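Same order as they appear, the protein sequences are chains A, U and S.
Numbering follows numbering that gives the first Met the number 0, with no gaps: position 302 of the first sequence is 301.
Numbering follows numbering that gives the first Met the number 0, with no gaps: position 172 of the second sequence is 171.
Numbering follows numbering that gives the first Met the number 0, with no gaps: position 418 of the third sequence is 417.
It is worth saying that the hints were derived from the structure and are not from the lab.
As the structure is a prediction and not an experimental result, all values here were calculated from the model.
Mixed in with the good hints, there may be bad ones.
A few chain U residues facing chain A, derived, Cβ under 8 Å [claimed, not checked]:
#: 1; residue: PHE54
#: 2; residue: ILE89
#: 3; residue: ILE94
#: 4; residue: THR135
#: 5; residue: TRP187
#: 6; residue: PHE191
#: 7; residue: LEU248
#: 8; residue: VAL434
Cross-link-like lysine-lysine pairs, in silico, DSS-like; alpha carbons within 27 Å at most [claimed, not checked]:
#: 9; chain 1: U; residue 1: LYS411; chain 2: A; residue 2: LYS304
#: 10; chain 1: S; residue 1: LYS304; chain 2: A; residue 2: LYS411
#: 11; chain 1: A; residue 1: LYS411; chain 2: S; residue 2: LYS303
Backbone N, C-alpha and C define an ideal beta-carbon position, used for all residues, glycine too.
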Amino acid sequence: MTIKSILPASLLLLGAGTLLAADEPTEYEKFEGSAEYVKFALNNLWILISAALVFLMHLGFASLESGLCQRKNTVNILFKNSFIIAMGVITYFVIGFNTHYPSEWLIDGVLAIGGPAGAEPGTAANFTSEYNPGYTYWADFIFQAMFAATAATIVSGAVAERVKLPSFLIFATVLVAIAYPIAGSWHWGTGFLSRLGGGDAAFYDFAGSTVVHAFGGFAALACVIVLGPRKGKYTKSGLKPILPSNLPLATIGAFLLFLGWFGFNGGSVLSADAQGVSTVFVTTALAACAGALACIATSWIVLKKPDLSMALNGFLAGLVGITAGADAISPSMSLVAGGVAGVLVVFSILFFDKIKIDDPVGAISVHGVCGIWGTLAVAFFGGANFTSQVIGILAVCTFAFVFSFALFYVIKLVMGVRVDEAEEAEGLDVAEHGVPAYNP
Amino acid sequence: MTIKSILPASLLLLGAGTLLAADEPTEYEKFEGSAEYVKFALNNLWILISAALVFLMHLGFASLESGLCQRKNTVNILFKNSFIIAMGVITYFVIGFNTHYPSEWLIDGVLAIGGPAGAEPGTAANFTSEYNPGYTYWADFIFQAMFAATAATIVSGAVAERVKLPSFLIFATVLVAIAYPIAGSWHWGTGFLSRLGGGDAAFYDFAGSTVVHAFGGFAALACVIVLGPRKGKYTKSGLKPILPSNLPLATIGAFLLFLGWFGFNGGSVLSADAQGVSTVFVTTALAACAGALACIATSWIVLKKPDLSMALNGFLAGLVGITAGADAISPSMSLVAGGVAGVLVVFSILFFDKIKIDDPVGAISVHGVCGIWGTLAVAFFGGANFTSQVIGILAVCTFAFVFSFALFYVIKLVMGVRVDEAEEAEGLDVAEHGVPAYNP
Amino acid sequence: MTIKSILPASLLLLGAGTLLAADEPTEYEKFEGSAEYVKFALNNLWILISAALVFLMHLGFASLESGLCQRKNTVNILFKNSFIIAMGVITYFVIGFNTHYPSEWLIDGVLAIGGPAGAEPGTAANFTSEYNPGYTYWADFIFQAMFAATAATIVSGAVAERVKLPSFLIFATVLVAIAYPIAGSWHWGTGFLSRLGGGDAAFYDFAGSTVVHAFGGFAALACVIVLGPRKGKYTKSGLKPILPSNLPLATIGAFLLFLGWFGFNGGSVLSADAQGVSTVFVTTALAACAGALACIATSWIVLKKPDLSMALNGFLAGLVGITAGADAISPSMSLVAGGVAGVLVVFSILFFDKIKIDDPVGAISVHGVCGIWGTLAVAFFGGANFTSQVIGILAVCTFAFVFSFALFYVIKLVMGVRVDEAEEAEGLDVAEHGVPAYNP
């Protein structure tokens, strides 16, 4: 393929010096010169730009997590997150995409295992509107691929600072390659959640409050239970807070996540439709900002100080809280959806600390708890069926929890999941990677 | 609203397996399938992408400001900036948008106070080209909302390291909710500045050198005068420089601001028009780069060393300097507009230090002084009316200064605006937020 | 030019309250209302967005380089990189663009020296499809301008921590203003590489594995040879590793480079063509991820530890490795192209250290070695002519090496290229810039 062949023929004709094509165009050229073609290219471009924005969220997660954890575990966190995005895109290519969007089911609506993406390389269907009138096969693939690793990234934050690296890498790979696309197929791949009430009362989860975020949050919860808390956090004399090592880095992370969410939610419109994308940008931003303000106010009252980490988690809580209904909830109601999430996240973080579930970055609260809230919020404010929402939440969260618990427990039996005490005390950077994150 | 209803009907028709729709389309479907519709969707998408880019500028400001200030005040700065964007978007929703673009005036051309955005929820006008042939109501809203908090962010930099947090949050909220949209309405909301010379000699300020940047700069100046300089900066033995705590962070901030400016200026074209947006990208980039080179050269000569902070301020000076005329000044002249700003900013920073106006990040110089220069530059190089430019500058800067001075002074009387000396010495992070920014 | 005049007339007509224009449109308005016009605007916008993404790569380079080098040279690195982008855009405006894409040759196909860009200001050709049916003159300019400084940035990384600032700035300016566009003109400016085999066996380098990256890599190699290694790295008792100062910063840099590459490669499609851009996004991402995984595995085996710096270089190796063939190599084969690059980069970095070529960030390996590999990969997997690829690589790398060696050697004779030992030991930040990067 050359650059020339990429340029639509009608453009080349235009280049001949006249604004109106002189030669009789072929059938395909007629499409290329048509408004439908340009709409197709525009929609497709937006999906691709959204994919790039979602990619950036992985830098956001890496920054947020390493900023909120201790200095001595920074390299470990950055390494995990670098691995996760690389592994996530490639496993999605090898197995995930066709598991997520099955062409045939092993168990109808429940289980499918797909082969590599792009099964028919070189066919027009991979590149043109024959695959989908809104975008190409590969645009669809890359957008979804960027989402795929998110589940593992959420877990990464919760198990940080004491998980054994090889064990985590194996866990993350299986989770992303197998479990995430199976759960997703129930909703997005025409599985049983999309068929509730004969399709009329289908589970509604626009961009994945449940099938991405709560899935990750409950996988994280399972892993933290298997793994146990960091040494020295819950002592006989009470909770000993572990301070974040780098709050500017955490702030960069949270803002990049906010930015990336415009692609996460905005791209989930699956077109550049003016009405759809505009709505989603507005509800997404309003919910994020309401989440931050509500979280600032709540934590100021409860913790008696203006807490930056909480403010950042408030943005994320609001964002997770609107993800299921970003297209269905009105701007005004998105303030409520986000605001409630911002309040919830404070109490949830305090609650999990009370029951000694040690989650260094608050991932279970932000993604798990607010993911559930966001999914219910579409029933309250966006017209979704409440029962179906509950069924979807229960199905996905139970599956994420059980699958993760079983897998992580098996890994624990086989090779261990936790570094030894000396290593934890020294920090994983020097112990596992042989280099501290910050040096002279 | 479901995903299906967002997908244009014509796309769904296409999906039936043929490239040409078979059924007789409705009137609306005809629009959807037309080139006009695709142009509308394209313009709208660019406004939205620009909004995302302007959002990123708030991370730029947060990074720049915390990088240029002292380590002990980092959390405070990041907290302020997180609050500002959340508050800015929400107040713009509640009151700002309809004050900025009034439908009716209390005092014709001078004063209007609007209600919440989206007054007629659910009407087609909020989402379709009935509102505006170029973009949707909500795209307009979110793009402008991202701008709104900028004024407060500029002030934040100038008052950093000694301002009392609650006092600043109150000040910033009133400034962004009330004063900024009022000043903006004079120019963008068909107010008196847009009517100068019966509209033929209107004040010209493309993306806001005056109504955004100089507005913020003069609000900052007023606050700094009320607040006073940081302890220990201006001593009997002369100026004692306070070193920036994290120059990589400041550099990240300046580059993100440069990036975001492509949306700030580029989105202000208010369409994806090829001629308009291309011009604006080029003049914006050339002015920024000329500003940096001019500032590097000037500061190297004057300060006798290659100064990184000055180089970063040079980019920003050039950017502010082209903002008023990015669409009206030729590429060659944009080098002059940006270059002059880059020289100006050095002398301005030195000048304000000389008169003991303590501005930790140079916000008054970058935004105030270069904002004025940029507005005049459109008269010199872009055909704007010189007198109108001067009137606009005077009106907006005076209003920003007087409003801010009065408001901040009242807050000072009521609750104080400055932390006590012990707190300032210890740093606001530990004193107000209970946590340092960097920990082991 | 006013905002009004930028808005296409057909949009204004639409605003009159009807969806169909009532008045008889002019010839130009007919174009504006046509699908061809919208396609033109869409393509143009994607070029501009890509330019913004490539701009962000300069922040990526600055972050990566300063993160991988020592703390005491951080300001120097950030200053160099700030200068480079400012200088690069402006020299490209003054001379580079018309040297890169010559209208006439001094030596046919080999040498041209151009004048300033936009030779005919104000003509329609600068803004409309008269210049090019796919995008405007100025969109073309700004996209290419953002690329131009890359060559110097690559060199910057290799010579870091001991190069004399003014000498480097002079070298970088001449390299970017003269040598880079000359080498590029051979391929992209219809020079001799584009004519190999009468054009039928032309050198193929889609987005610049050779003409951007290997060019930079071989320029870097020449400079490092002239400059010599950092003191204390290669000792009698063997190699003494110099630790990276800030790995979160380096990670931010690598991820931003990955993100920017979607514009670097994606924008090189030179249109928003759905098939072209989708392909390029997928091959780019898959190669980057395969590069990272291969590099992680290889370095884990060879260095016996999970190495974060290597993981980051693995992403970049994969990206450089796919750049020449991102549009021509299939998704599956892009995994091979990227994966091989990820393996290569490990051995290359070890090799250059063995022969005492001191390259603090691995720029010669990532850009030089993987640039060559990527160019050959298009012959293996993308149908390019092997002989032409070899000729192109030899021509460009030889020219980059010889030009850089000669220029840098002359500068060495005239003013020296290396700081003195005391300055190197103290660090360039305090010695040359008078301020450390991190302060209390």
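Q) So which of those numbered hints doesn't the model satisfy? A) Hint check: 3, 5, 6 fail, others pass.
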